[in-house]
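Asker: Here is what each chain is made of, one letter per residue.
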Amino acid sequence: MSASAMRSKLPFLGAAVRHNRVPSPYPWLMPVILVMGLFYLYPVIDVFRYAFTDLTLLGGEGRYTLSTFANVLTRPELPQILWVTFVFTAGSVIGQQLIGLAMALVVVRSEKRNLFGTTILRTTALIAWVVPGIAGGIIWKMLFNEAPFGGLNSLLRLMGMAPVQWLSDPDVVMWSVVLSNVWRGTAFSMVVMYAALKAIDPSLYEAAEVDGASGRQKLFFVTLPQLRPAILVNMILITIQTLNTFDAIISLTGGGPGRATEVLSLYTFNVVFRNYDLAAGSVLSILMLVISLGLALVYAAFLPKDEKA
Amino acid sequence: MKLSTRDRLGDILSYAFMAVMFVFFSWPLIWLLSMALRTRKEVFLGVSRLIPKFPTLDNFTMVLTSSQFPVYLLNALKLSCLSAVGCLIIAAPAAYAFSRFEFKSKGAWMLGILAFQMISPLVIMVPLYRYMARLGLIDSHFGTIMVYIALGVPMVTWLLKGYMDGIPKSLDEAALIDGCNRLSVFIRIILPLSTPGVASAFIITVIAGWSQFLVPFLLITKDSLVPIGVGIFQYAGTQNASTIQVLAAACLISVVPAIIAFLALQRLILSAMTAGAVKG
Numbered sequence: 001m002s003a004s005a006m007r008s009k010l011p012f013l014g015a016a017v018r019h020n021r022v023p024s025p026y027p028w029l030m031p032v033i034l035v036m037g038l039f040y041l042y043p044v045i046d047v048f049r050y051a052f053t054d055l056t057l058l059g060g061e062g063r064y065t066l067s068t069f070a071n072v073l074t075r076p077e078l079p080q081i082l083w084v085t086f087v088f089t090a091g092s093v094i095g096q097q098l099i100g101l102a103m104a105l106v107v108v109r110s111e112k113r114n115l116f117g118t119t120i121l122r123t124t125a126l127i128a129w130v131v132p133g134i135a136g137g138i139i140w141k142m143l144f145n146e147a148p149f150g151g152l153n154s155l156l157r158l159m160g161m162a163p164v165q166w167l168s169d170p171d172v173v174m175w176s177v178v179l180s181n182v183w184r185g186t187a188f189s190m191v192v193m194y195a196a197l198k199a200i201d202p203s204l205y206e207a208a209e210v211d212g213a214s215g216r217q218k219l220f221f222v223t224l225p226q227l228r229p230a231i232l233v234n235m236i237l238i239t240i241q242t243l244n245t246f247d248a249i250i251s252l253t254g255g256g257p258g259r260a261t262e263v264l265s266l267y268t269f270n271v272v273f274r275n276y277d278l279a280a281g282s283v284l285s286i287l288m289l290v291i292s293l294g295l296a297l298v299y300a301a302f303l304p305k306d307e308k309a
Numbered sequence: 001m002k003l004s005t006r007d008r009l010g011d012i013l014s015y016a017f018m019a020v021m022f023v024f025f026s027w028p029l030i031w032l033l034s035m036a037l038r039t040r041k042e043v044f045l046g047v048s049r050l051i052p053k054f055p056t057l058d059n060f061t062m063v064l065t066s067s068q069f070p071v072y073l074l075n076a077l078k079l080s081c082l083s084a085v086g087c088l089i090i091a092a093p094a095a096y097a098f099s100r101f102e103f104k105s106k107g108a109w110m111l112g113i114l115a116f117q118m119i120s121p122l123v124i125m126v127p128l129y130r131y132m133a134r135l136g137l138i139d140s141h142f143g144t145i146m147v148y149i150a151l152g153v154p155m156v157t158w159l160l161k162g163y164m165d166g167i168p169k170s171l172d173e174a175a176l177i178d179g180c181n182r183l184s185v186f187i188r189i190i191l192p193l194s195t196p197g198v199a200s201a202f203i204i205t206v207i208a209g210w211s212q213f214l215v216p217f218l219l220i221t222k223d224s225l226v227p228i229g230v231g232i233f234q235y236a237g238t239q240n241a242s243t244i245q246v247l248a249a250a251c252l253i254s255v256v257p258a259i260i261a262f263l264a265l266q267r268l269i270l271s272a273m274t275a276g277a278v279k280g
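Residue numbers (the UniProt record's numbering), protein chains in the order written: chain A, 1 to 309; chain B, 1 to 280.
Please keep in mind that the hints were generated in silico from the structure rather than gathered at the bench. The model shown is predicted, which means the values in this text are computed figures rather than measured ones. There's no promise every hint is true.
What the hints assert, rightly or not - Covered by chain B, according to a simulated footprint, are these stretches of chain A (three or more residues, beta-carbon under 8 Å):
1) 123-137
2) 283-290
Claimed, not checked - Away from chain A, derived, C-beta distances all over 10 Å, residues of chain B:
3) 56
4) 69
5) 124
6) 138
7) 225
8) 232
From the three backbone atoms N, C-alpha and C, an ideal C-beta is built for every residue, glycine too.
Take these sequences, add in the hints, and give me the full structure.
Answerer: Listed below in structure tokens is the structure:
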């Protein structure tokens, strides 16, 4: 626009300006394209190829076959694995989203009223978020320990309550794992919700106040509708994050007792690297990809039109 | 300002909620610290010795003077720092191009790069393990670093692009008119001005590298090459109830560097993080 106007006025500069104006981006993108191609695209294509073979990690070239697909998808343990994955993901995502939102609301309100302790709370939650997954699993294993040095049972005993079999009772263990995951993941949701709350136009609240809205009405008719896109984006991010969680579970329960906490990613890992069944693991990998993609599309469908871009 | 009873009630509820959340988030870490400072006898006294009567640093000394742990820590430092540098070298030019150039299907390229982040590292590790084994890159820090870089590149590209968007384009234009070419504009003007963005991207990538488990667990088998994430996992597997205080100390030592790195640059990291998430 302005550049082209300038160019027509100064024709002798045209060639030089045009040369700089439309540089090819591809030399700049080349390193990223190479790395992503070699380490993501090519392996993902190969996963699809492996899924139609009977390859193992023990060597050999394998043959092309369709039976791996049929074999894996009809395994008797698969429904149980998928159910465990669903409970773990839904529990973690709902817990992190709700607690993260509640914390952000309280922190914003407290900051407005100059209450003490908001920074301490935020920093503490974020420290939990920085703890590596493996270490998080080890820490929670100490807390859940049923020996006298278990950090939760000795607290319960102090308050005169009965100890809980956090990790050995198959009906309880899933909630223990969800609890530890909520501990580690909530800070992210809190930070996203906090930023989104800060971005709401204050004049909306002024208008609501003029109209005589109560605090609850402001929450339900101003705040939450305004937060909708941020909540959906956050849910996409934490859902995928949770589906891929692997290290925090392997060091906390290892998938046990029995198969009570063996989520899909852990199961895939075990199939490939403990049973050396590369082809079956590839089918499970495709299943993981399809589930994350499907969920992302479902959430995206709820986004307002102009946010889709 | 007058305080209505309603506001005061709200304050009390806010305090109560914040206190409960604070206990929830801090208790595991307080417990870890408490265990790490105890002697073997006090470990079995549970919560009544939250503040140990005979605190000791022996557990830390034991971990830090052992033959393996210092090696694990150094390996983790090497892997995470080198991969963060590699990430920046690869992502920065792309971030500049995304921030400054207009080209066909730019949005699609950017979304494509982001979409890779949806893929679980486990999925790509299935074939990568096979390639690495064939190339003889098992037990090589080089191979592991390359995978770390690939895992970090999408986010670093987006972070840096977001930061560079905040630098006025008129600076580029002025330099171009003065006869700089694009490359020297990028290296001499945009990169120095992006230092805060580069620093936060670096720290985020270092923390992510420090937390890596799956990739080194699969690609590194030699004990002398293993980083702390894998080292502590294997160490935990060999411990029993009588050495839980040593495990706690080891765990604390593995966590603290990441926490310090984060706290040092908390403000930068948070603004980088939320800029991405809120813009969508």
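Asker: I'd like to know which numbered hints this structure contradicts. Please list them from smallest to largest.
Answerer: Checked against the structure, the hints that fail are numbers 5 and 8, while the rest are satisfied.
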